[in-house]
Amino acid sequence: MSRPEARSEFDVLVVGGGPAGIGAACAAVESSGSVRVGLIDESPWPGGQIWRGEGLAHGHSAKAGLWLKRLAASGVEVRSGSTVIGTGGAGVLVVEDRSGAGRISYNRLILCSGSRERFLPFPGWTSPRVVGAGGLQTLVKSGWPVEGKRVVVAGSGPLLLAVADGVNAAGGRVAAIVEQASWKRVMGFGMELSRFPAKLGQAVALRSRLATVPYLCGWWPTRVEDSTDGLLRVELTDGRRTREERVDLLACGFGLIPSIELAGMLGCGVKGGRIGVDDCQQTDVAGIYAAGEATGIKGGDSALVEGRLAGYSSVGEEVRADSLKGERDRWRRFGRAMEEAFVLRDELKCLADDSTIVCRCEDVTYGKLKARGSAREAKLQTRCGMGPCQGRVCGGATSFLFGWEADTVRPPLMASRLSSLLHLKGQGESER
Amino acid sequence: MSEARDTIIVGAGIVGSACAWECAKRGLRVLLLDAGPIGGGTTAAGMGHIVVMDDSEAQFALTAYSRRLWDELAAELPREVEHDPCGTLWAAADEEEMAEVHRKAHYYRERGIEVEVIEGSNLREMEPRLRAGLAGGLRVPGDSVVYPPCAARWMTERAREAGAEVRTGARVRRLVEEGGVELDTGEVIEAVVSVNAAGIGAGGLMMPEGLPVRGRKGHLAITDRYPGFVRHQIIELGYLKSAHGGGGDSVAFNIQPRKTGQMLIGSSRQYDAVDTQVEPPILDRMLRRAIEYIPTLGELSVVRVWTGQRAATPDKLPLIGPMPSNSAIWLATGHEGLGITTSLGTARLLADRLVGGEPEIPSKAYDPGRFAVEALAHV
Amino acid sequence: MSESIRVRVNGEDVVVPPGTVAAAAAARAGVTFFRLSVGGDRRGPLCGMGICFECRMTIDGRPHQRGCMVVCENGMELQTDESA
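Keeping their order, the protein sequence lines are chains A, B and C. Residues in the first sequence are numbered from 1 upward in steps of one, following my numbering. Residues in the second sequence are numbered from 433 upward in steps of one, following my numbering. Residues in the third sequence are numbered from 812 upward in steps of one, following my numbering.
Source of the hints: derived by calculation from the structure; they are not laboratory data. Incorrect hints may have been included.
What the hints assert, rightly or not - Each pair of labels, with its calculated beta carbon distance range:
id, chain 1, residue 1, chain 2, residue 2, range
1, B, P510, A, T408, 38 to 46 angstroms
2, C, E823, A, L231, 49 to 57 angstroms
3, B, P510, A, K325, 55 to 63 angstroms
4, B, S759, A, G428, 34 to 42 angstroms
5, A, V285, B, G679, 32 to 40 angstroms
6, B, Y539, C, E884, 51 to 59 angstroms
7, C, L847, A, T242, 41 to 49 angstroms
8, C, V826, A, G428, 49 to 57 angstroms
Cβ coordinates follow ideal geometry from the N, Cα and C atoms, glycine included.
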């Protein structure tokens with residue numbers, strides 16, 4: 001690894017540096033006794049996607065800034081830019097960074113692997129002018145220029161509002177926010193928010209900043225194409241009417257999917273696409289905990305609480321852990337309400353035509369996939385999911401479009417240098 | 433389902449698919465069955481190397497014959513089969529292996545297979561990524577590469593056109609002694625002859641006797657796209673003799689340039705490792721061996737590692753022909769690491785023997801009868 | 812944090828603020844696509860978080876690097892398929 005002096009043994013190791021991971025690491029290290037806590041994060045800086053760039057000169061939210069400072073002062077050893085590529089036997093993860101790879105051992109593991117966007121294919125969606133919704137937000141926080149750019153934000157979920165806000169704050173002009181869920185559902189969710197004062201406050205502030213931006217509910221994109229004026233023509237529909245926008249960028253994402261690959265490799269039970277946990281955030285593998293979006297989509301505030309709860313549980317601080325359970329449970333209700341409100345409509349299954357690419361790594365079209373019976377058959381016959389993203393992008397689409405389940409998880413968990421795979425084997429470990 | 437079939441072929445891997453096609457071409461009423469998707473077993477896990485091998489006369493005869501059959505098809509193969517006539521380059525590490533290059537060159541030439549002996553530094557002109565100091569190599573320009581699952585599917589499509597019926601998602605419980613099969617749903621489908629082409633699953637269909645076929649596990653790794661990184665399928669010359677000759681776990685350097693620009697890296701062999709887990713200790717050995725030959729390989733990005741099970745027989749030759757005890761049950765299995773190459777030759781031999789034609793190459797060496805009945809049961 | 816970072820994108824000098832990732836530097840340099848897909852389509856970043864591999868670029872001579880995950884450093888050489 002790049003820091004040969006760095007420790008590679010931890011009492012508690014946290015994977016993922018978003019709110020859940022930061023909460024977990026801080027809770028574990030701040031407990032009584034001296035506990036060695038490490039945090040591995042793939043991003044260049046801690047904060048995850050939601051708090052990305054908060055430590056830099058891109059603006060602050062008070063809460064994020066506070067927690068990032070707390071992490072920095074905590075004594076947690078943070079390894080940014082580090083990707084877990086596999087397990088190295090019991091109690092060991094193999095991690096790669098820009099300069100090399102190495103093995104890190106742990107007694108307790110807390111999985112805070114977060115979530116990723118669900119992308120759905122529609123004609124034209126592979127254009128370089130179409131970016132993920134959360135994707136654009138993250139890129140803007142990392143220096144992507146949107147000054148003066150006209151943007152439509154489309155897809156589903158409360159994230160769209162935050163994305164639009166971020167684009168406007170960075171000098172972009174959001175022409176519309178296009179939410180596939182109906183007005184009725186979105187309003188119902190708004191009513192539900194009244195039970196969560198913090199969220200309600202955020203939502204009200206967000207809406208007031210976006211007061212001049214149309215929020216089209218029950219609308220979705222059907223097609224994009226380059227137009228002669230150098231802009232991207234975006235076709236939208238509500239199922240009866242259509243409208244058109246000309247933009248520099250379409251930011252589009254259809255909700256979030258828990259990232260569960262590492263949990264699967266570790267043998268942790270997965271239910272309904274999320275890591276299963278008990279009342280203490282422990283998975284069904286003893287000593288392995290999980291928190292945040294990987295255990296179900298509930299948002300950043302929830303992730304922080306779950307992370308702290310998992311952190312306390314992992315070091316046996318039961319009283320402190322117990323004190324967070326009520327709040328955690330309320331966020332779980334919030335998550336369920338959000339999931340129900342923003343459930344994807346069936347019309348979105350019919351957007352792709354036969355020539356629309358579904359697997360972007362291998363350029364596999366909808367027409368080639370629709371005749372296949374399973375993800376496995378599609379993979380073998382069309383190469384769908386065989387590219388470097390390992391099906392992380394097309395898998396979200398094919399599970400929604402065809403009900404396919406993902407293939408088995410094997411190392412490397414992420415495409416990695418061949419030499420890094422030489423760290424999967426422990427010293428003294430021999431063949432059977 | 434009113435009329436009885438002539439032949440039911442169990443297993444739509446590349447061997448079963450080739451057999452179904454060949455039998456259908458001969459006018460037999462064929463039903464091809466598989467529990468999973470076409471080409472989803474060992475076929476999906478293999479490298480897809482069409483290669484002439486000389487571990488034994490019989491192995492040479494079947495691989496050379498089969499390679500010729502692939503060459504005859506080459507022009508018809510659709511793009512997704514990724515046929516690539518890249519040739520094989522056998523790399524010799526030292527003078528002892530170089531002596532083997534000359535022996536092998538003589539053996540191949542004598543039997544009409546074109547080869548080119550590469551001396552010393554000419555090897556690196558041909559493949560600059562190889563490390564300095566190798567003694568030379570043997571180039572076999574007629575060898576090629578295909579993508580096996582799509583090759584198997586293409587064969588089943590040809591089989592269908594020739595009148596065969598193909599059913600996937602149909603799991604066979606056992607072969608019926610009088611011919612035909614019983615599915616795990618209880619359905620019995622009759623046929624004059626059933627052909628067991630179930631690869632490593634072949635023995636399980638013939639309980640309690642079983643078959644002298646054991647799984648021999650292998651690992652492969654594939655990289656992102658680096659077009660032109662190597663141009664030939666390169667294999668260390670000791671591949672069969674020293675590396676994979678014994679019964680223990682072994683690795684050998686083997687790299688294949690895919691038509692996609694990806695590099696496919698092997699190989700490992702393990703008996704009695706029945707699961708599908710990637711095993712770091714042997715993967716480690718396999719990759720280190722590859723880096724010994726191509727030092728810059730370590731920098732390439734690997735997108736996937738997987739395992740598969742080869743169906744291995746005690747004498748490393750496949751089982752093609754009727755069971756010695758029951759001529760209603762035929763075998764087309766036990767192809768170890770050469771099933772992609774020998775699928776076409778296997779299908780021809782099987783069909784020739786089934787309909788009474790004269791095989792183009794002697795078939796005796798592959799006949800299941802070479803194993804005594806007890807051996808068939810208890811190897 | 813205030814000084815800026817100088818990188819080269821497809822052979823041209825670009826000055827970016829600290830904390831800018833390679834993909835964003837390329838966008839600031841006016842790159843309109845990052846890579847050509849297997850079928851020859853133009854592609855740019857999608858997920859922004861290292862998942863999709865659409866922003867792959869050659870960074871300091873090493874191909875297939877995810878531009879959204881690498882922070883610019885002075886003197887870094889970035890190349891996209893648009894340069895080809």
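Hints, verified against the model:
Look at P510 of chain B against T408 of chain A: about 29 angstroms separates their beta carbons, and that is not inside 38 to 46 angstroms. Checked against the hint of 49 to 57 angstroms, the pair E823 of chain C and L231 of chain A fails, with Cβ atoms roughly 25 angstroms apart. The given range of 55 to 63 angstroms is respected by P510 of chain B and K325 of chain A, whose C-beta atoms sit roughly 59 angstroms from each other. Checked against the hint of 34 to 42 angstroms, the C-beta distance between S759 of chain B and G428 of chain A comes to roughly 54 angstroms, which is inconsistent with it.
At about 36 angstroms, the beta-carbon gap between V285 of chain A and G679 of chain B stays in the expected band of 32 to 40 angstroms. Against the hinted window of 51 to 59 angstroms, the Cβ-Cβ separation of Y539 of chain B and E884 of chain C comes to about 57 angstroms, which satisfies the hint. Take L847 of chain C and T242 of chain A: their Cβ atoms lie about 32 angstroms apart, and the range 41 to 49 angstroms is violated. At roughly 51 angstroms, the beta-carbon separation of V826 of chain C and G428 of chain A lies within the given 49 to 57 angstroms, and the hint holds.
The earlier numbered hints that this structure contradicts are 1, 2, 4, 7.
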